[in-house]
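Participant: Sequence:
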Amino acid sequence: MVYILHISSLSPLTTKDHLQQLLPYKSITSIKIMQRKGRSRCYGFIELMNGDEFVEIIEKFNGRRVNGKPLKIRKGRNSPLRID
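Everything in the sequence shown is counted per my numbering, starting at 60 for the first residue and increasing by one.
Derived by calculation from the structure, the hints in this document are not laboratory data.
Quick list of in silico lysine-lysine cross-link-like pairs, DSS-like style, CA-CA up to 27 Å: (1) LYS131 with LYS75; (2) LYS119 with LYS85; (3) LYS91 with LYS119; (4) LYS128 with LYS75; (5) LYS128 with LYS96; (6) LYS91 with LYS75; (7) LYS85 with LYS75; (8) LYS134 with LYS91; (9) LYS75 with LYS119; (10) LYS91 with LYS128; (11) LYS75 with LYS96; (12) LYS134 with LYS75; (13) LYS134 with LYS85; (14) LYS91 with LYS131; (15) LYS85 with LYS131; (16) LYS119 with LYS134.
Label-pair ranges, simulated between beta-carbon atoms: (17) LYS96 with MET60: 31 to 37 Å; (18) ARG95 with LYS119: 25 to 31 Å; (19) MET60 with ARG124: 27 to 33 Å; (20) LYS131 with SER89: 15 to 21 Å; (21) PRO139 with LYS96: 32 to 38 Å; (22) LYS131 with VAL61: 17 to 23 Å.
Just so it is clear, CB atoms sit at the ideal spot from N, CA and C, and this is done for glycine as well.
Make the full structure from the sequences, and use the hints.
Facilitator: Right, here's the structure in full:
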């Protein structure tokens with residue numbers, strides 16, 4: 060099963076490589092930062108295969124500052140896991 064995280068409030072300087080170093084989880088299958096005309100739109104999506112790591116990432120990294128801005132990490136709209 061694929062779990063989707065929505066990550067927002069990214070600095071325009073934050074890259075996919077920054078996020079891969081910050082989140083060294085083996086179950087992550089995809090990290091995508093949305094862009095328009097080659098510039099970051101300051102949000103993106105992370106897909107992973109492990110529900111426990113999904114919850115851990117939200118609890119551990121939501122609010123953490125990266126490149127001077129606090130990350131906002133929440134369950135993606137189509138993600139199957141319910142978080143109360």
